[in-house]
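Asks: Quick mapping for you: the protein sequence lines, in order, are chains H and U. For the first sequence, the positions run 13 to 316 when my numbering is used. For the second sequence, the positions run 1477 to 1874 when my numbering is used.
To be clear, the hints were calculated from the coordinates, so they are not data collected in a lab. Glycine residues also receive a C-beta, built at the ideal position from the N, C-alpha and C atoms. Watch out, some of these pointers could steer you wrong.
[To be verified] Listed next, the stretches of chain H that the computed footprint assigns to chain U, with coverage defined by at least 3 CB atoms under 8 Å from CB atoms of chain U:
no.: 1; region: 60-68
no.: 2; region: 155-164
no.: 3; region: 283-294
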Amino acid sequence: MDYFLNQLINGLELGSLYALVALGYTLIYGILELLNFAHGDVFMVGAFLAAGVAALFVHNEIAAIPGGLVVVLMLLVAIGGAGVLGVGIERVAYRPLRNANRLAPLITAIGVSLFLENAVFVWVSPASVLVPTHALVSQGVLRAGVVETPLTGLMLFGGSLGLMIALDLFVFRTRFGSAMRATAQDREAATFMGIDVDRVIMVTFFLASALAGFGGVLYGLRYASVDFFMGYGLGIKAFTAAVIGGIGNIRGAMVGGLLLGVLESLSGGFISTQFQDTFVFLALIVVLLVRPQGLFGQPVTDRA
Amino acid sequence: MAQPRILILIAMAGVGLAACGGGSTGTATVSKPDKVQIAAEGPFTGPQAVIGAGALQAIQLAVKDFNAAGGVNGTQVQLLIWDDQHTAQVAQNFQAVGISDPTVLGIVGPMNSGVVLGTAPGLQQASPPLPFVSESASNVAVTDSSWSVAHRVNARDDAQGPADAKFMIDKGAKKVFVMDAKSDYSIGLADQTEKYLKAHNITTQRESAQQNQKDFSTLVTKIKASGADWVYFADEGPEAVFLVNQMSQSNLKIGQNIQFLGTDGEEDSSIIGNTQGAYDGAYATNIAADPAGVSGSATQNYVKEFKAAYGPDSLSKAGPFYGSAYEAAQVLLQAIKNSPVNNGKISRADVLSHLGSDTFTTIFGSVKFNSKGDVQGGGIYVFQAQGSSMVVLKQVSG
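Isolated chain H (complex conformation) (with noise of 0.2 Å):
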């Protein structure tokens, strides 16, 4: 039972991270139904700056800052620096696409993130960056009876989580949340009804760059190395994630990502990790399967 209890808050951990980023897909894919290949990578170029920040304040004897502050700054410059970069996706990449054919904006969606992998490989580094968690955050474990995490692994979950219901509020109970929900609903609609449908899709990216950001942070202080094909694989979990919770979905992508790490880690220590993704690619079939629309997803009719 214990060992059972383990896996689960292992996968749990794992899922919430996923989850932060399949609400990044989810997000945009509800407002534009557009599927950004290149989140995967915000998440990446987020994680990277978080990882500069540590390594300029860490290492740095002269003014000796304490470790939470530096987490603060690098939340502060992750959240806004990949914010940025998604707004500035949307205008260079998406958005003189927005009327074209729909599998344009997907073509330089992939484009957009070769590009970042590779500037990051060329511009910052080819290998792995070490980030300094250690002296940022306690390493310590925590253990309550039979169980037992790191305490970074519970500032992921926590962390997450926290965000969730914060974006959750923000869509359901705020008059910007209804605007957004509204351009999701019917785009061309909402325009009348004086919603100024270009800022919601900015704020839109925004939204979905800075939670990759904040999770690009905490990867780092969990995992302690970035590198620059990192969000590659992230980010077919995420999707599978957001498209197993219904994409378009906010609370399908939390319950997604939740569900897919917990499958991974109990697939893999109860059963084989050797087959650990293929059961997690298993599960996206069986329920594209029996639900197509995804777990909380809507059956959506071809509009005229």
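We have chain H; now place chain U onto it with these hints.
Replies: Showing chain U alone in chain H's frame:
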């Protein structure tokens, strides 16, 4: 009338000169070849450049040193760089150029077993066959496929697996958590090691990491639950940093409550820094020696030369094969030098037969190939992470 006569004169002069030229090579400079080329082949760019880039630097240095010592009887050897990117198809395009040019006398490489297995038949069928000396291809089939062109200076997988297993048994292992990283190399090696352990009544548990895996929490929980006293991870990639970090976070401390043995990719001192020292005390084996850890003037001078050529911190980026690559280049160049020169030409067939029969002097001592193309007495080296570097503990045989 004048023009044709001049043409005839020029033609006659040409014939005369040609005759003189032929005569002089026949008598004055008997053994000076007109042109000698060798190729360096491996993944010099891309993700696998981690192993290839340092090997290329070593080969370039070997050719430079050989030429500075007079080359092949005065002829400077030209080095072709074939960046195969760990892909047999890319390699074949390069090799086609070499096969059709008789002054290309041999290849240092290919580095990856998969590339060798995909391209060796073509090199064998060339006329004359194009020989190669690999510095890192360890799959048993490389030299077990009866290709006369195939040679390697590194040890084989079927030597490494049993040697790794034997090392752990000697250290008192009772239960070994055996992991691969889902590549041809690491699965094959983990199989060999697990087989030997089981045959010697050691309990094993077999698991897999994914290529590029970051979250090892599932595996770490599994290691703890298994009660294993050794973790064995056959890997050539960058995954060990994450595994070791997360083991340490979950209170699995290498050298204290768990022992760790890695393979080629984990013989890497950067892991120690990237895990804040949690890797300290871990062991790793390699199919090639690190010259910096081998005493003797030949290896130590080479290390100095390498640093002088590529910078003081170049060793940390040189990868695991910068020693064996220099060694392989030395072997090929000496075989070429030992081959006879006829009319300014060296035949690949002669280079091939000298590779098979001669004894070569390298930075690691003398080298001779057996009938398959494996080095006689080729060794597995055990390293341990100590302080900030990987230190050679000993050479073990399979």
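Asks: Against the earlier hints, flag every one the structure doesn't satisfy and list their numbers going up.
Replies: 1
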